[in-house]
Every structure is written in C-alpha cells, then in structure tokens.
Amino acid sequence: MEKTKVQIEIEQFFKNKVKKDLKIHNAYLRVHSEKYRIDFSMNTGKESIHPDQPFYIASISKLFTSVLFAQLIEQGHCSYEDKISKYLEIDILNNLHIYKGKDYTHEIKIKHLLNNTSGLHDFFEDKPVKGKAFVDLILDDPNRTWTPQEVIQWAKENLKTHFPPGERFHYSDTGYHLLGLIIEKITGLSFHEVLSKNIFEPLGMKHSHFSRMKPLEESPYEIAKIYMRNINVTHYQSMRSSVYAGGGIVSTTGDLLKFMKALVHYQLLQKKTIEKMKNDCGKFFLGIDYGYGVMNIKTIPLLMPAKYNSWGNAGSTGSFMFYHPVTDTYIIGTLNQSGYGQKGIKLMLQIADKILKAIKKSEVLL
Numbered sequence: 005m006e007k008t009k010v011q012i013e014i015e016q017f018f019k020n021k022v023k024k025d026l027k028i029h030n031a032y033l034r035v036h037s038e039k040y041r042i043d044f045s046m047n048t049g050k051e052s053i054h055p056d057q058p059f060y061i062a063s064i065s066k067l068f069t070s071v072l073f074a075q076l077i078e079q080g081h082c083s084y085e086d087k088i089s090k091y092l093e094i095d096i097l098n099n100l101h102i103y104k105g106k107d108y109t110h111e112i113k114i115k116h117l118l119n120n121t122s123g124l125h126d127f128f129e130d131k132p133v134k135g136k137a138f139v140d141l142i143l144d145d146p147n148r149t150w151t152p153q154e155v156i157q158w159a160k161e162n163l164k165t166h167f168p169p170g171e172r173f174h175y176s177d178t179g180y181h182l183l184g185l186i187i188e189k190i191t192g193l194s195f196h197e198v199l200s201k202n203i204f205e206p207l208g209m210k211h212s213h214f215s216r217m218k219p220l221e222e223s224p225y226e227i228a229k230i231y232m233r234n235i236n237v238t239h240y241q242s243m244r245s246s247v248y249a250g251g252g253i254v255s256t257t258g259d260l261l262k263f264m265k266a267l268v269h270y271q272l273l274q275k276k277t278i279e280k281m282k283n284d285c286g287k288f289f290l291g292i293d294y295g296y297g298v299m300n301i302k303t304i305p306l307l308m309p310a311k312y313n314s315w316g317n318a319g320s321t322g323s324f325m326f327y328h329p330v331t332d333t334y335i336i337g338t339l340n341q342s343g344y345g346q347k348g349i350k351l352m353l354q355i356a357d358k359i360l361k362a363i364k365k366s367e368v369l370l
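With the working numbering as the guide, the letters of the sequence shown map in order to residues 5 to 370.
Just so you know, the hints here were simulated from the structure itself, not pulled from any lab data.
None of the values given here were measured: they were computed from a predicted structure.
Careful: at least some of the hints might be erroneous.
The calculated label-pair distances, taken between Cβ atoms and stated as ranges, are [as the list claims (entries may be wrong)]:
(1) F289 with K364: 21 to 31 Å
(2) I227 with H110: 38 to 48 Å
(3) L26 with K275: 38 to 48 Å
(4) E205 with K24: 32 to 42 Å
(5) D357 with I235: 29 to 39 Å
(6) R216 with D357: 17 to 27 Å
Pairs of lysine-lysine, BS3-like flavour, derived with a Cα cap of 27 Å [what the hints assert, rightly or not]:
(7) K90 with K21
(8) K347 with K282
(9) K347 with K131
(10) K302 with K39
(11) K276 with K87
(12) K87 with K21
(13) K350 with K265
(14) K311 with K21
(15) K27 with K39
(16) K23 with K50
Cβ atoms here follow ideal geometry from the backbone N, Cα and C, with glycine treated the same way.
Make a model of the complete structure from these sequences and hints.
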C-alpha cells in the first residue's frame with residue numbers, strides 16, 4: 005500500500021469535512037497502523053494551532069474511569085458485583101434511584117454504572133421535570149464551581165430515573181460521577197491523583213491531565229477551544245468543574261494513542277479483564293454496544309460488515325478513540341463541538357473504510 009497516497013486522501017477528506025461545517029472551529033486527527041506503516045497527525049479548522057494541541061476528550065474519559073476500576077478489581081479491592089451503597093455516603097444515596105415509587109438505590113451495582121444499565125438519569129442530556137437543563141446552567145453561570153456531589157443532588161431533584169437496575173440501557177453521566185466518588189473512597193486519593201498514578205505516569209502521557217489540574221509537562225500549545233451550542237466554553241469554570249469522572253480529561257491525540265495501544269497490548273489490564281469490559285454490554289445504538297466504558301462497534305448483517313468492527317470510546321464533542329483490528333489501526337481525534345458525538349463516530353468509520361479500500365487496492369490480503 006502506498007502510505008503517502010492514503011495519507012493524503014485521508015487528510016484531504018478530513019479537511020473537507022471540517023471546512024463544510026461552519027460549527028467546527030478546530031479539529032484534530034491521528035491515524036496509526038504499524039502493520040501498514042501509517043502514522044500521521046493533523047489539525048485543521050480556522051482556530052486550530054498544531055496537531056499536538058491538548059483538548060477535552062469528553063466521554064472518552066469514561067474508558068479511563070473504567071480502566072481504573074478494572075485495575076482495582078484485579079488487585080482485589082472491589083468487585084463489579086459490589087453494591088454501590090457499600091462505598092457511598094448516605095447523603096448521596098438518599099433518594100438516588102426512585103422509580104415508580106420504589107427505591108432501587110441499594111440494588112445498583114458497580115457494573116450497572118459502568119455499562120449504563122443502572123436506570124439512573126443523565127444530568128448532562130436528560131430533560132428536567134421542570135426548570136432549565138444542566139447545559140443551560142453551565143452557560144448561564146460560567147463562574148460557578150460544581151462539586152460532584154452538587155451535580156448529583158441537582159440530578160436527583162430535577163430528573164427522573166428510567167427503569168430498575170439491570171433492565172435496559174440508558175446513558176448516564178450521573179453514574180460516572182458516582183464511579184469517580186467510589187474510586188476516591190476505595191483508594192483514599194482524589195480522582196486526578198489516581199489517574200496520574202495509575203495511567204498518565206506509567207504510560208508517559210506527559211500532556212494529559214484532569215480538568216483544572218496540571219499535566220506532568222506543560223504543553224507549548226494552549227488547550228483547543230471547545231464549543232457548547234456554538235459558544236466557546238473552554239475556560240468556563242462551570243463546564244470544567246461539572247464534567248468530573250465522565251468527561252474531565254484533557255489530552256492529545258499522541259497521548260491517547262499511548263493509552264489505546266497499552267490497552268490493546270494488555271499493558272494496563274489482563275486480557276480476560278478487557279474481554280469482560282468489552283462483552284458485558286448494554287445496547288447503546290444500533291451496531292454499538294456499551295461495555296464497561298467500552299464502545300464496541302459490531303457486525304450487523306447488510307448494515308455493518310464485520311470489517312468495520314472496532315472498539316474504544318467517543319464523546320459528545322465529536323471526540324473518538326478507536327482501535328480497528330482488521331487493519332491494526334488506531335483512529336483518534338475530535339471535532340470539539342458539543343452534540344457531534346455521532347458525527348465523530350461516523351467520521352472514524354469513514355476513515356477506516358478509506359484504509360480498507362487502500363489495502364484492497366494494493367492487493368494486500370486481510
């Protein structure tokens with residue numbers, strides 16, 4: 005396969021996609037395949053500065069949180085079957101999960117939070133029973149600092165639960181706030197300290213950090229601007245403080261490549277642990293299952309051929325971080341515009357398709 009040709013094609017495709025969408029102000033992409041000797045990073049958009057700019061990775065952060073849990077479980081500190089009431093304070097647990105008049109709080113297990121089957125609300129996306137949505141609160145009061153406990157309390161007071169634990173799937177940022185608090189309870193450390201100690205430092209992710217904290221090494225480039233309803237919220241305290249364990253990591257495409265490669269090659273977790281994370285799933289969208297922090301793009305006859313199967317995670321800002329096994333390729337990037345989650349996943353699959361076609365054209369057998 006002609007490396008230069010496929011790289012040029014993908015770069016031009018990515019640039020054209022961004023150029024046509026006036027809401028995308030900056031975008032970043034990293035494509036890496038050792039098998040087919042592809043490795044490049046790029047930035048595009050009128051406000052982008054450099055391919056190595058750090059950016060908010062949004063819900064890709066959930067996979068980091070899930071890895072931290074898996075490490076704790078491998079070390080014997082907890083179990084996926086543990087009830088969350090074992091670890092959380094009474095103020096958090098009080099009226100946490102009331103569904104049709106029944107309290108299901110003490111039936112929620114750690115695994116339910118990880119794969120979004122707890123039935124809990126999503127403070128970020130769900131429509132409140134009355135009053136403003138949480139996004140409106142972020143935009144209306146940029147200087148407000150939200151603690152995880154305050155966010156959970158707001159969700160309890162303003163949102164409805166959806167079903168008893170384990171019955172179905174409902175994406176829940178509220179659940180990942182709870183997971184962050186449980187990690188702090190088990191370890192006796194702050195969430196950002198556990199991230200740094202267990203992931204960033206061992207992998208040399210020097211330009212990655214938790215929101216409001218400093219990275220191991222300051223990047224020469226400013227954090228890429230992130231937009232919510234096309235408003236620049238990069239430095240909104242309300243945004244930075246509210247995302248927490250479900251979306252609060254800032255990283256680069258290069259650092260995310262280190263993380264994803266470490267997962268694929270079992271450097272952070274045992275193989276059996278990763279398989280469980282991938283396979284104990286809830287149904288996210290047609291063709292996408294959601295395991296323990298893992299989005300698993302799976303075969304759908306006629307709609308999604310097996311050659312597109314991949315796994316990783318994505319965020320509502322159009323961020324994506326996936327490994328495509330058929331081509332041994334890592335596809336990582338972001339569009340930095342809230343509400344662009346599905347667009348980011350679609351873009352990732354389109355890039356995988358271009359690599360597949362390039363391989364087929366060069367008569368390389370998969």
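Structure-based check of all given hints:
1. Take F289 and K364: their Cβ atoms lie about 27 Å apart, and the range 21 to 31 Å holds.
2. Remark: the range hint 38 to 48 Å for I227 to H110 is upheld by a beta-carbon distance near 40 Å.
3. In this structure, L26 and K275 meet the distance hint of 38 to 48 Å, their C-beta atoms being roughly 45 Å apart.
4. Under the hint 32 to 42 Å, the C-beta atoms of E205 and K24, about 40 Å apart, fit the expected range.
5. At roughly 33 Å, the beta carbons of D357 and I235 sit within the given window of 29 to 39 Å.
6. At about 38 Å, the beta-carbon gap between R216 and D357 misses the expected band of 17 to 27 Å.
7. For the proposed pair K90 and K21, the alpha carbon gap of about 48 Å is over 27 Å, so the pair is violated.
8. For the proposed pair K347 and K282, the alpha carbon gap of about 22 Å is at most 27 Å, so the pair holds.
9. Restraint check for K347 and K131: satisfied, since their Cα atoms lie roughly 22 Å apart, inside the 27 Å limit.
10. Taking the CA atoms of K302 and K39, the gap is near 22 Å; set against the 27 Å cutoff, the hint holds.
11. Taken as a hint, the K276 and K87 pair is honoured in the structure, with Cα atoms around 22 Å apart against an allowance of 27 Å.
12. About 45 Å separates the Cα atoms of K87 and K21, which puts this hinted pair outside 27 Å; it is violated.
13. Distance check on the hinted pair: K350 and K265 sit about 22 Å apart at the alpha-carbon level, within 27 Å; holds.
14. Among the hinted pairs, K311 with K21 is consistent with the structure: their alpha-carbon atoms are about 23 Å apart, no more than 27 Å.
15. For the given pair, K27 sits about 35 Å from K39 by alpha-carbon distance, which is inconsistent with the 27 Å threshold.
16. For the proposed pair K23 and K50, the alpha carbon gap of about 9 Å is at most 27 Å, so the pair holds.
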